[in-house]
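Novice: Read off the chains here:
There are 2 protein chains.
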Amino acid sequence: MEDAYISIPSGFKANGVNAGMKFPDRGNINPDLPKSMYLDVALIASDVPCNVAGVYTSNLVKGHSLQRSIGIISKGQKVRGIIVNSKNANACVGKEGVADADDVASEVASALGCSGDEILTASTGVIGTRLPKDKIKAVIPELVGGLSNGAESSHNAEFAMMTTDTVPKEVCAKLTLKDGREVKISGMAKGSGMIHPNLATMIGIFTTDADIAPSLLDRALRKAVAHSFNRVSVDGDTSVCDMVVIMANGMSGAVIEDGSEDYVIFEEALGKLSLDIARMLASDGEGATKFVEIEVKGAGSADDAKLIVTSVARSPLCKTAFFGMDANFGRIMTAVGYSGASFDPEKVDIDLFDLPVYRDGCALIFDEDEVNKLLSEHDLKFTITLHEGEYSDRMFTCDFSYDYVKINGSYRT
Amino acid sequence: MEDAYISIPSGFKANGVNAGMKFPDRGNINPDLPKSMYLDVALIASDVPCNVAGVYTSNLVKGHSLQRSIGIISKGQKVRGIIVNSKNANACVGKEGVADADDVASEVASALGCSGDEILTASTGVIGTRLPKDKIKAVIPELVGGLSNGAESSHNAEFAMMTTDTVPKEVCAKLTLKDGREVKISGMAKGSGMIHPNLATMIGIFTTDADIAPSLLDRALRKAVAHSFNRVSVDGDTSVCDMVVIMANGMSGAVIEDGSEDYVIFEEALGKLSLDIARMLASDGEGATKFVEIEVKGAGSADDAKLIVTSVARSPLCKTAFFGMDANFGRIMTAVGYSGASFDPEKVDIDLFDLPVYRDGCALIFDEDEVNKLLSEHDLKFTITLHEGEYSDRMFTCDFSYDYVKINGSYRT
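Chains W and Y, in that order, give the protein sequences.
Residues 2 to 414 (this note's numbering) are what the first sequence spells out, left to right.
Residues 2 to 414 (this note's numbering) are what the second sequence spells out, left to right.
So that you can see chain W by itself, here it is in the shape it has in the complex (with noise of 0.2 angstroms):
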């Protein structure tokens, strides 16, 4: 596969750099330390305004950050780039909360030559604490003096996000329009705790030089993260931080027009994107050995599916069991029948893979070494069909482990 990174289209340039959050002892660190240790600060700027669109967190509490960039974002203006810290979440610490972000995007924004308005602001991390913004502006000159568009400051920009990640989540896309253009598309996210649908996540953010109106960007957007973001649950937690915002800078002066077939060809690659980063983040949740993907057929409603996929996505019983790779998929019978679908217990199918484990609402007797073989996979899929529709839909997410309790047994200190 290409290297993927956030710099890839036409005039964006990125870097990441240590403020001394992550890793207090900015001159000591030992260069064998990942730098997703150290780098905290990140930064994702275009050479020129962009036009923009935003998803955000469905929680009532927002984060200081997120309601600034919320604020920028739906008043309709064009934004220069947008800068994410790790480590603080800026959130819960009332209204110099706001003015920290404020201030912050000001500093960048005397930096790169325009108004504080256009820099987007995120934050993830502890919640309660106050930003540490003296420590930012302290190395904003260094982080927008390394803004380039290669791939060494952008995956740098990937690991100044992650916070309990384990892998860096980039990705990109080519495009070529009817008429033979060219249009980038990157993406990076973090994030693998705190991960509900409404929206499932983490800090998402895509860069485009295609020329697309706001209006439009942002319904690809809503479509792309409907069917993917919003299908990861790691623990059932929706964060008051999550956001997922895509900057489009026309810098590839290809002009996306909506019914074109060039939109639906970008609304498809974005959507593609997202659900690669989608399974990325499921794959990565916290403490997570295995993917598990949850399909669900034949339900009665649109709602019903989702009812369904969410209650065994969420289930700590059938995430332990997938841990502990048990073969206990009366869980999974459980968790579709207190999910609040309706539907007839006596009519639902489970298969793991192809393999049917229940058929009509009843355990099938099944070799042991077999299931055991396909439980000892990495990515496993159930697949619950109801027999009451036509409607389906899928969630992804990953087990429940020691380690899940470990990391968040002592996030704060």
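Bear in mind the hints are in silico, worked out from the structure with no lab data behind them.
Among these hints, one or two may not hold up.
Pairs of lysine-lysine residues, derived as DSBU-like cross-links and limited to a Cα-Cα distance of at most 30 angstroms, are as follows [stated by the list, open to error]:
| hint | chain 1 | residue 1 | chain 2 | residue 2 |
| --- | --- | --- | --- | --- |
| 1 | W | LYS96 | Y | LYS382 |
| 2 | W | LYS374 | Y | LYS76 |
| 3 | W | LYS36 | W | LYS76 |
| 4 | W | LYS407 | Y | LYS175 |
| 5 | Y | LYS79 | W | LYS382 |
| 6 | W | LYS96 | W | LYS76 |
| 7 | Y | LYS96 | W | LYS348 |
| 8 | Y | LYS36 | Y | LYS138 |
| 9 | Y | LYS374 | W | LYS298 |
| 10 | Y | LYS407 | Y | LYS374 |
| 11 | W | LYS348 | Y | LYS382 |
| 12 | Y | LYS79 | W | LYS348 |
| 13 | Y | LYS374 | Y | LYS348 |
| 14 | Y | LYS407 | W | LYS407 |
| 15 | W | LYS76 | Y | LYS348 |
Take the given structure of chain W and dock chain Y to it, following the hints.
Specialist: Quick look at chain Y alone, frame taken from chain W:
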């Protein structure tokens, strides 16, 4: 505290034996093994027919033993007793599941000299494998022969119901009615994982020697369950076998009439016993090292209050932080935020015991040593105040530990 067990009310007897399900080699049980590790079939019987009421899981998928009991209770007929087995849930095995439960009940009925549909059935354990009814039937002479109103055989009944429970859960109250007559109520329960409201639970059995009509019994039980078992969350999973039943045999001679002060005394006592068991269930949640009470005050509606306590009590991120004794109160704020309740995030207060940790939606700066000391208590209490209205609610939960994952990663095997 006085010894509590199920056969304290007049005319009740109980017993628990080993049928070779928990421990196959019946003749060779190490006497040092805890009884909960090998007793697996329990019988609670009344000398005379009882009025009965029951509350059941809201899971659409219901175990066959449970379905059979629901059928009997819903016909309004009297019963003589209930047989409970652990290790096998008798669920999701098709028509044979009901036939198996019928078969076992008939065998008990023959031994007791009553009809099969006077015997309720309950099963708890692994879903999806046939009930080993021959093993159970083989020990019914021993089970019935050993029925007694003594403490030991009653405790044995409790041990026989336990699955991953680490402590027995038995309660008793002696009520003095207005005219000085005495009525007794006893209760016993099992259940430590797969616990979440509607039904919150588990199997719970109450006995009383009050003479009380089925409709009153039903009303008192529903009220008791609503504020106790329906307010316990261990892991958010609602099992297919949950039931709480109460059998009233009238042998005290004390009639409890609708609208009487005696009814109020009875209802309050049953409510208190249920609450005591609910606390025991949360405290003995699978792998639990903490008992946590989540209280909400000042909600704008009863639904909002319930949404919030449920959301916090269910959040894996809050529960792992309780385990880690991590002062990560932002996670509570987060779970409040995504609960679906409507409220103003900038008016939310959170207290740990009497210590304010959030005010007006903002994290307070607190003394780390003081907070660490409070978080090291076994019993924690958080109060969330919304300042929106007059509604309150509370829920009992526990933490999420390594042991939860361990217990549930290999339950079936």
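Novice: Next, verify each hint and record whether it holds.
Specialist: Cross-check of the supplied hints:
{"no.": "1", "hint": "LYS96/W / LYS382/Y", "result": "29 angstroms, holds"}
{"no.": "2", "hint": "LYS374/W / LYS76/Y", "result": "47 angstroms, violated"}
{"no.": "3", "hint": "LYS36/W / LYS76/W", "result": "36 angstroms, violated"}
{"no.": "4", "hint": "LYS407/W / LYS175/Y", "result": "46 angstroms, violated"}
{"no.": "5", "hint": "LYS79/Y / LYS382/W", "result": "47 angstroms, violated"}
{"no.": "6", "hint": "LYS96/W / LYS76/W", "result": "21 angstroms, holds"}
{"no.": "7", "hint": "LYS96/Y / LYS348/W", "result": "13 angstroms, holds"}
{"no.": "8", "hint": "LYS36/Y / LYS138/Y", "result": "20 angstroms, holds"}
{"no.": "9", "hint": "LYS374/Y / LYS298/W", "result": "51 angstroms, violated"}
{"no.": "10", "hint": "LYS407/Y / LYS374/Y", "result": "28 angstroms, holds"}
{"no.": "11", "hint": "LYS348/W / LYS382/Y", "result": "44 angstroms, violated"}
{"no.": "12", "hint": "LYS79/Y / LYS348/W", "result": "33 angstroms, violated"}
{"no.": "13", "hint": "LYS374/Y / LYS348/Y", "result": "27 angstroms, holds"}
{"no.": "14", "hint": "LYS407/Y / LYS407/W", "result": "13 angstroms, holds"}
{"no.": "15", "hint": "LYS76/W / LYS348/Y", "result": "27 angstroms, holds"}
Hints 2, 3, 4, 5, 9, 11 and 12 from the list above are not met by this structure, while the remaining hints are.
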